[in-house]
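Novice: Add chains B and C to chain A, keeping to what the hints say.
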Amino acid sequence: MSVVPASYPSTRWRRAKVGLFRAFTILALAFVIGPALWIIGGVVVKAVPGWRWNVLTTLSQGTSGGLENAIVGTLLLMLGVTVVAGSIGILTGIYLAEIAPPTRRGRSSGAVVRVVIDVLSGFPSIVLGYVGYVALVVGLHWGYSFLPAVLILSLMVIPYIAKATESALHQVPTSYREGAEALGMSLGYGLRKVVVRSALPGIVTGLLLALAIAGGETAPLLYTAGASNTLPSIAPLHHPVAYLTYYVWTDWNQPMASAHVVSYDASLILIVMVLTLLVVSRVIVARTQRHSESAR
Amino acid sequence: MTVPSTPRSATPVARDPRATGVRRHRREDRAWRIGGRLATILPIVGFAFVMIVLAVKAWPAFRVSGLGFITHSAWQPGNTYGGTQRVHGVLIPQGATYGAWPMLLGTLQTSAIALLVALPISIGTAFALTERLPKWLSAPLGFFVEILAGVPSVIIGLWGVLVLGPFLSRDVYPIVANHLPNVPVLRYFRGSVGYGEGLLTSGLVLGLMIVPVIASTTRDLFLQVPPLPKEGALALGMTDAEVARRVTIPWVRSGIIGATVLGLGRALGETIAVAMVSGSVLGTVAPNVYGTMTTIAATIVTQLDSAATDGTGFAVATLAEAGLVLAIISVVVNLLARTIVRRAGRMAAPVGRA
Amino acid sequence: MTTTLRSGVRLMTVLTIAGALTATGLSTAASAGTKKKPKAAAPATITVEKPAAANLTETGSTLLYPLWNIWGPAYHHTYPQVTLTTAGTGSGTGIADATNNTVNIGSSDAYLSPSTVAANPGLLNIPLAISYQVIAYNIPGVTAHLKLNGTILTKIYLGRITRWDDPAIAKLNPGINLPGTTIVPVHRADGSGDTFLFSQYLARQDGPEWGSGNYGTSVTWPALHSALSAQGNGGMVTTCQATPGCIAYIGISFLAQAQKAGLQYAQLLNGNGQYMMPTAQAVAKEAAQYANITPASGAISMINGRVNGGYPIINYEYGIVNKNQTSASTAQAVRSLLEWAISPKFGNQMKFLNQVNFLPLPAKVVAQSYKQIKSIK
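Protein chains in written order, with this note's numbering: chain A, 1 to 296; chain B, 1001 to 1354; chain C, 2001 to 2377.
These are computed hints drawn from the structure, not numbers from a lab. Don't take each hint at face value.
[As the list claims (entries may be wrong)] BS3-like cross-link-like pairs, simulated, lysine-lysine; straight-line CA separation at most 25 Å: (1) B:Lys1230 with A:Lys163; (2) C:Lys2260 with C:Lys2323; (3) C:Lys2050 with C:Lys2371; (4) C:Lys2351 with C:Lys2364; (5) A:Lys46 with C:Lys2260; (6) C:Lys2260 with C:Lys2050.
[As the list claims (entries may be wrong)] What follows is a set of in silico ranges between Cβ atoms, one per label pair, in the way DEER data are often shown: (7) C:Gly2180 with B:Trp1059: 17 to 25 Å; (8) C:Gly2122 with B:Phe1167: 33 to 41 Å; (9) B:Arg1030 with A:Ala286: 48 to 56 Å; (10) C:Pro2222 with B:Phe1049: 49 to 57 Å.
[As the list claims (entries may be wrong)] Listed next, the stretches of chain A that the computed footprint assigns to chain B, with coverage defined by at least 3 CB atoms under 8 Å from CB atoms of chain B: (11) 11 to 22; (12) 59 to 69; (13) 73 to 83; (14) 113 to 126; (15) 153 to 166; (16) 224 to 235; (17) 269 to 283.
Predicted, not measured: the structure shown is a model, and the values here were computed from it. By construction, the Cβ of each residue, glycine as well, lies at the ideal position given by its N, Cα and C atoms.
Chain A with its partners taken away, still in its complex shape:
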């Protein structure tokens, strides 16, 4: 690929540059892979040797005990985010990609939403958490509870879901829509049966990544979900919810060795959760890729 003709001038320096460039790319990759392995390996090394399976089935006692409540709480928060952010995010994405009427200049409308979504996608999560604490937890007397946590997390991840949905829909070939229309399908019917369906893998992938983000968030949850050593209550208000990142954050510098175990166990479970979500989304992408290639 990089055969340099001998006639080309000053080859030695150029060869050296090629070597440097190649070394640089590999080194850069090593600087990504290395720390990733270091971080995950560090957690595994600390958590796995003393791992007890009953961590999954016993309640936390704060600085000792299991993490059942935190696992259930994190999953519950993810479920809440799926419902709230999932529905709003996906609908927003569909609206922006398919429904929003074009303006006179040919661009689609919904400019305000686009700006807001772009801005929200980079918005500092702690500021959202602060507002959740001041306005919802304290202001509306909701207390540390499920609802303010889910609302704040949802506001955080709606942009990811909306963007993923929009770009997944943009990748659906125009011919699908034309075909649906030619068959006399209405906008809604065509969306439901043809367009959204073929964009579904992309949408689900976006949703899973958003869940990974929500599940790994700490700062906004500290001041909205509070903390709890019991299983989450069914009530959406006035009852704090446990979550895994809280135990990582609180227990790493507690004095007891049992607290460090809790911290690393929670880290391990979080990493396994995130990996699962990533692998699942990968599998979905891989399967649709095979499908679409064969279709072509």
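Specialist: Below, chains B and C without anything else, positioned relative to chain A:
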């Protein structure tokens, strides 16, 4: 989804006449439209709510501190157990005065370090993944980039404070600090190396956190560069380094800039990891790159608790003001990224060299 | 060098078992004085109410958090109908949460500030146990318990004393070979009851230089480049361990960890002009003196008292409770839990307190706390 990307211009064609579909589907169409519009309104309402709450909460603090808030350095909660006083009609503890300059500077400094570190690593990684490595290797390695993006920031912070910080301050920083010449700029890399918590460690950890943001976008951009110009350049006798510098990077430059600015946004707002590795020292600017400091986001998470002990509510209002400053920076940065990316998108079409 | 303290901890158990194991050379007369106190506490006739089913929540102080985690399960064992959810969020949110009725009990190392009381007249600060603080340091080659006082500590934290062999320190500690190591003062990064106690000690001992009103859960630290800050008590210990020359104030429940990290701790000047070791005995002495003047509201600073043989940095751990709970049954459960906690027969027995090096409340304070608890409606 490797379905060939549809040209944007084609969508309106698909859009406009579809509404005139079968009559009995009208109701469903309307439900889609209304539902869609409602869904788009909700994020707007949420964002407006956040900004309004921040502004209302910050107002008393703004009346007391004024614009001096972002230029002064003192962070003094005052005598929370002493008397109170009225300043500009706001009840505050005696001696309370707040200035956010050090944390504002800390926010900008850590983010700048993060960008300086993350940009070359990201571009290098993107090249390695798209052009240097065989596919059987680049696919799983690329997955690592995604994993790094997914690792919760509290775990990265844990690693930063327990593993990376001590390692750097023991085995790396002293070598750098002792061997650099005492000249401007490099001077900031000399002196006491501290204990692993501080500006440089925070910047490096942040850099690591934004690499996935920039690298994955850059990789996708590189994949979009058509092969023809690259092959042409190679045929002209360019080395792959020269192709990278003269063809590939210029082709997607504004996309990379946009992704970088998005990464910057993430670095500015990152909270928990920075709270763990920055040292969280209020009111001082780090004397060298190893010095302890704090950022706005880290300050909010570590100080909101004790701010609540201020019975006058001035401390909580001050944190709202700090949050508002951060929010404004973040919004500006994001709008900037948006403009750059959009211009990139517009430019890509007429160039059409492929 | 840790023998003195271990003997002190042992003494605490001795106090309750009333054994004669005072072979460690500590003043027996003093322990005899305090030995009777817990015994006298028993007749305070606390009846723990039998609560209806309830879910109680507690947030706040990270210093009290380990104790709540010991108390909660024990109380739940006796009264399974009540579950307690605890969270170590920090004293400030504990107070704020109790104020807003978002939790039933807020925990705090510091009593409520006048401005908070003025804004929320319904809040109670109920003493639950006694805690204290040590000044720890990491000086290479020094294993002695240095004598330190508020003036020297103020100068250290203001950056006016920068080396361990400073004449002022050397003069106080003759015969100890102090190295020229730079002093690294460490303070808390987060808002903290320990900061409240420490800054109050400085304010009381050296008002002119430190500022007599300059205390709180978060105070203004001078802009010192040699200074470090740390997150939580655990952070104080790990930072100090990694930093030769450091000095740090550390809550007593973290003492074991500090010792394991090789930190040594100081004898402090009390308000009576004596340098005292942080022994359980000295703390009990100080607490006993303050018991007589503790107001019904429980809000009192026990720092730097003029107590013969008293250790100068001790405090009540407070339960911050809103007098008006959301329902009568909740109020009853809160009362029951707190009654259980302060009762020398239950929560205030050494079996629990020993695990975090806390001391039981003196009898008079127990009676006052009980009265406050009774007012929760």
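Novice: The region 113 to 126 of chain A covered by chain B? Criterion: 3 or more residues, Cβ-Cβ distance below 8 Å.
Specialist: Our answer is that it holds, as 13 residues pass the Cβ test (under 8 Å) against chain B, meeting three.
Novice: Hey, lysine 2050 of chain C versus lysine 2371 of chain C, does the alpha-carbon distance stay inside 25 Å?
Specialist: Measuring from Cα to Cα gives roughly 17 Å; hence the hint holds.
Novice: Falls inside 48 to 56 Å, the C-beta gap from arginine 1030 of chain B to alanine 286 of chain A?
Specialist: violated (38 Å)
Novice: For a C-alpha distance cap of 25 Å, please report whether lysine 2260 of chain C and lysine 2050 of chain C respect it.
Specialist: Not satisfied, since the Cα-Cα distance of roughly 42 Å exceeds 25 Å.
Novice: Between lysine 2260 of chain C and lysine 2323 of chain C, is the straight-line Cα distance small enough, at 25 Å or below?
Specialist: violated (42 Å)
Novice: Tell me if the straight-line CA distance from lysine 46 of chain A to lysine 2260 of chain C falls inside 25 Å.
Specialist: The hint holds at about 20 Å.
Novice: Mind checking, does the region 153 to 166 of chain A have 3 or more residues with a CB under 8 Å from chain B?
Specialist: holds (count 4)
Novice: Holds or violated: 17 to 25 Å for the Cβ distance of glycine 2180 of chain C and tryptophan 1059 of chain B?
Specialist: violated (52 Å)
Novice: Is lysine 1230 of chain B within 25 Å of lysine 163 of chain A, Cα to Cα?
Specialist: Violated, at roughly 30 Å.
Novice: If you check the beta carbons of proline 2222 of chain C and phenylalanine 1049 of chain B, does the distance land in 49 to 57 Å?
Specialist: violated (40 Å)
Novice: Counting residues of the region 59 to 69 of chain A whose CB is closer than 8 Å to a CB in chain B, do you get three or more?
Specialist: violated (count 0)
Novice: Are 3 or more residues of the region 11 to 22 of chain A near chain B, judged by a Cβ distance of less than 8 Å?
Specialist: The restraint on the region 11 to 22 of chain A holds, since 7 of its residues have a Cβ under 8 Å from chain B and three suffice.
Of the numbered hints stated above, those contradicted by the structure are hints 1, 2, 6, 7, 8, 9, 10, 12, 13 and 16, listed in ascending order.
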